[in-house]
Amino acid sequence: MTTTDTPRAQADRTYPSYAKALWQRVLLTREFAVIALLLIVFFYSRSEIPNFDGPLTIYYLLLDVAPILLIALPMTLVIITGEIDLSVASVVGLSSVLVGDLHQGGMSIPMAALVAILVGVLCGAFNGFLVAYVGLPSLAVTIGTLALYRGLAVGLLGTTAITDFPEKWTDLAKDRIGDSSYPVIVIPILVLVILFVLLLHFTPFGRGVFDIGLNDEAAHFSGVNVARTKFWLFVMAGAVSAFAGIYFTLRFGSSRGDNATGMELQVIAAVLLGGVSIFGGRGALHGVLAGVLLIGVLQSALRLDDVSANVINIIIGILLIASVMSTSFLTFVARTTAGMKRRASDGSPERRQRQASAHHEGNNS
Amino acid sequence: MNANGAVALQLVQVRKSFGPVMALRSGSLTVCSGSIHALVGENGAGKSTLVKIVAGLYQRDGGDFLLHGESVDFSSTAASKDAGIAVIYQEPTLFPDLSVTENLFMGRQPVGAGRRIDRKAMHEEATALFSRLGVSLDPRRLAEGLSIADQQIIEIAKAISLDASVLIMDEPTAALSGVEVDRLFAVARSLRDEGRALVFISHRFEEVFDLCDTVTVMRDGEYVSTDAIAETTPAAIVSKMVGREVAELFPKTPATIGEPVLQVAGLESAGVFHDVSFEVRSGEIVALAGLVGAGRSEIARAVFGVDGYDAGTVTLNGTAVRPRSPRAAIRAGMGFVPEDRRQQGLVTEASVAHNVAAVIRTKLSRLGLITRSAENRAAGPWSGRLEVKTNALDMHATTMSGGNQQKVVIAKWLATDPSLLIIDEPTRGIDVGTKSEVHRLISELAGQGMAILMISSELPEVLGMADRVLVVCEGRITADIDRADATPESVMTAATNTIGAAS
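Order-wise, the sequence lines are chains G and X.
Residue 224 in our numbering sits at position 224 of the first sequence, with consecutive numbering throughout.
Residue 560 in our numbering sits at position 195 of the second sequence, with consecutive numbering throughout.
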C-alpha cells in the first residue's frame, strides 16, 4: 500500500455504501438475467404458442412446479454453504408412502401429514448429523441416503399404490384461490418463500450461510457456528421435502414408493440456473424462483407446441450449461470493458497507477 | 556501490503495466557478482513485479534489462533459468510425493544406458550439493513434510546445480525461525564468496543489515536509491521507503495497567502445549514470543476456543469461558485477529461492510432481521477510524493489500468492543507505513484499557510493544519478562532454552 497521508490523520474517512449505481447493482446481475429471460420466454409464448394464453396454462404450470419450487428453497441455502442434498426426492417418496400407509391404517390426513413431516425432519437430521458433526462429504452422504430413504419408501409399500384418499383433501391440493387461475398451493409457497428470503437475506443466520460457503474457516473464526448452521439446513431440506411429498400425493391422489424419482436433479438444475454457485457462497432466492419458473414455462410452452419430452430435456440441459458458462463469460466481459473504459478516461494517470500498483502487489506478495 | 566484482544483473528504468495498472514505472537495479544486494520497499513498491520480470514470468514494457552486460529478453521462466537466473520464492513448490533428489533433478534427470534414469548419479550429485552447502538433508527422503527452510535449501541447491550466476530470494525468511535464518544466511554468504550475485528481498531490516552489502530502495513502482549498507542506517532506509519520516517504529504510549482481564490456568493440550498459565490485565500488552512452531498460536487458538484443550481454565473478567466455542469467547468479550488473514481473518470474497459487521450481526438486527444498510452504517465509521482504503463499502476485500485487509480484520473486532484482543502476527506481510499505524492503534487501544495479547515473531515488535513478554518454548512458557528487562538476548535465550539445536 502506498500512502502520502500522514499516518495520524485527524479526520475519519467516510465511504459511499456502494461503488456502483443502484440500477447497475440490480440489473447487471445473473439473477436479473434469469428474470429477464423468464419474462421474454413467457411473453413470447403467450403471443406465439397456441393455447399458452389459455386460462389453465398458469394453473397447471404452478401445480407442476410447486414441489420443485418448494424444495428449491432449502436447497438454495444448502448449496450456498457449499454442500448438496441429493436425498430430497427420496424424502418426497418416503413422505408420500407414509401419508398413504398411515391414512390406510385409519389415521386422518392431517395427522398422517404431521408424521410424514416429522419423518422428513428426521431424515434431514440424519443427513445433517453425518455432514455437519461427523464431517462426511454431503455428496457421498446424500447419495447414500438417496438410496436408503427410497429403499424404505418402496419397502413400506412394495410396488402397489394407494389411491384411496378423501376427495376433500385431493381437491384442496388442486383447488384455486377464489376464481383466479392460481392454485391454493401458491399460498404455502408464498409463505415459505417469504420465510426463506428473510432467513437467507435478512438474518445473521443467512449471512453466516454465505460466509460458510465462501470461507468456512474464517466463518468459524468469526463465531459462526458452522456445524449447527449446516445441520439445520439439512433439517429444513428434509421437512420441506416431506411437505412437498404430501402435496405430491394429494395432487395426484396416489401414494407410491417411486413418486418423484429423479426430482432432486430437477431441483438442483433449477437452483443452478437461478444463479447459485455450485461451489457455494453465491446466489439469491429471486434468481432461484425465476430459474424454477423459467424451466416450468419452457416445459409448458414446449409441450403445448407438441415438442417431445426428450427434446424438452435437451433444451433445458443446454440452457443450464449455457447459464453456468455465462458466469465466467460475464466476468470476462466485465473485466475487459472495465479495463478499456479506464484506459479511455484516464484522467490522472499518476494517482491511479499508484493505487493500482498498490493493489497489484498486494495481490501477489 | 559495491566495487568488487563485475555487474551481473542490471535493470534500467524498466516499466510494466497490467492493463490500466502500472505496477512498475521505473525499476532500476544493479547487482554485482560476489555481493548480496538487498531490495526493499513497501508492499506495492514494485519489488515483486521486478523480480517476476527477471524470472521471465512477465515481459517488460520498456527499459533495459542486461545480464552480464548483454541485453536479454526472456519470454519464459525456462529462458531465464537457462541464462543462469534462479528465483527462490517465499514458499517453494516441490512435488511432495517425490524424493528430495527427484525434486532437485526434475525435468533434467541424468540418464544412463538405455535412456534410463541414473538414480545413483542423481543421489551422488545431490549428496555432493548438500555437503557443499553445509546442510544435512537426506536426499532419499520424500519432500513431503520438509520444513519451508529445507524446501528453500532444495531450491538453492537446484540453482547451484544449474550453476546460476544470479540468485534472487523473495522474502525467504518470512516463515523461518531464528536458527533456520542463520543457516540460510550461512549458505547465502558462501554463495556470495563463490562469486555469485544475490538479491535478497526482506521486510526485516536487521536481516538486511546483517546479511547484505548493498541496498536498493523502491517506492511506488520507482527506483529511489542504492546505498552501501555500511554507509546507511535503518532509519534512513525507512524514510526513503515511505517517503516520509516515520517518527517512531514502535510508538508505545504508557497505559495504566488495571485489573486482570484474562486469566489462563493450567491449560494443557496433549502434544501441543503444557501447563500454560498467565494473565493479561486491562491496559496491558502481553506478547507471546518464541520460535515458529513453539505453540504460541496454538495457545491463542485454544484460549479463543477455535481449538479445544484437555485441561485447564480460561477466565475472562472473572467468568469462566466455555471451551471450544469461539461464539462463547466472543460473547465473553474476546476478539481474535488470526495469523492467516486471507484464510481465517476475513471472507475475502465478501464486501468490506459484510466483513466488518460479521461479528456484530446479532447486535445490528432488529426483531432478528438485519439489513445491508444497518451493516453499512456500522461498518462505515469503523472502516473510517482505521482508514481502510477502499472506494466503497461494498468492494470485496480480495483486491486489497495485506495491510488494508488487516485493517478490515481489526475493524471487525473493534466493532465488538472487546475487553481482550488477541492479535496473532499483527503486522506480518504489512508494509512499514501501515505497520506503524497498526502499532500505534494497538498502543492506543491498550491506553483505553483494553487488554492485548500479541503474538509476534518479530523481536523488535515484541520488545517495542509489549509491557510483558511471555516466552514460549516447546509448548511451555519458559519466561515471563518485564518490559524493562526484555532484551533480544533474554528473549532468545528463553525461546531456545530447552532445546540445544532447533534444526
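For the record, the hints were derived by calculation from the structure and aren't laboratory data.
Each hint should be verified, as a subset may be incorrect.
Taking lysine to any residue pairs in the SDA-like style, the calculated list, with each CA pair at most 25 Å apart, reads [what the hints assert, rightly or not]:
no., chain 1, residue 1, chain 2, residue 2
1, X, LYS485, X, ASP528
2, G, LYS20, X, ASP528
3, G, LYS20, X, GLU714
4, X, LYS728, G, PRO16
5, X, LYS728, G, LEU195
6, G, LYS20, X, ALA743
7, G, LYS20, X, ARG687
8, X, LYS728, G, HIS201
9, X, LYS728, G, HIS220
10, G, LYS20, X, PHE383
11, X, LYS728, G, GLU217
12, X, LYS728, G, SER326
13, X, LYS446, X, ASP426
Each hint tested on the structure:
Of the pairs offered as hints, the one joining LYS485/X and ASP528/X holds, with about 21 Å between alpha carbons and a cut-off of 25 Å not exceeded. The straight-line distance between the Cα atoms of LYS20/G and ASP528/X is roughly 53 Å, outside the 25 Å bound, and the hint therefore fails. The straight-line distance between the Cα atoms of LYS20/G and GLU714/X is roughly 17 Å, inside the 25 Å bound, and the hint therefore holds. With a C-alpha separation of about 22 Å, the suggested pair LYS728/X and PRO16/G falls inside the 25 Å cut-off, and the hint holds.
Using a Cα cut-off of 25 Å, the hinted pair LYS728/X and LEU195/G holds, with the two alpha carbons roughly 21 Å apart. For a cut-off of 25 Å, the pair hint linking LYS20/G to ALA743/X stands: about 20 Å separates their Cα positions. Note on LYS20/G and ARG687/X: the hinted pairing is violated, with a Cα-Cα distance of about 44 Å set against a maximum of 25 Å. Distance restraint check for LYS728/X and HIS201/G: the Cα-Cα separation of roughly 16 Å lies within the 25 Å cut-off, and the hinted pair is therefore satisfied.
About 18 Å separates the Cα atoms of LYS728/X and HIS220/G, which keeps this hinted pair within 25 Å; it holds. Proposed proximity of LYS20/G and PHE383/X is supported: the alpha carbons are some 23 Å apart, at most 25 Å. Note on LYS728/X and GLU217/G: the hinted pairing holds, with a Cα-Cα distance of about 22 Å set against a maximum of 25 Å. Only pairs whose Cα atoms come within 25 Å are accepted, and LYS728/X paired with SER326/G is rejected, the gap being roughly 38 Å.
Simply put, LYS446/X and ASP426/X have alpha-carbon atoms about 21 Å apart, close enough for the 25 Å limit, and the pair holds.
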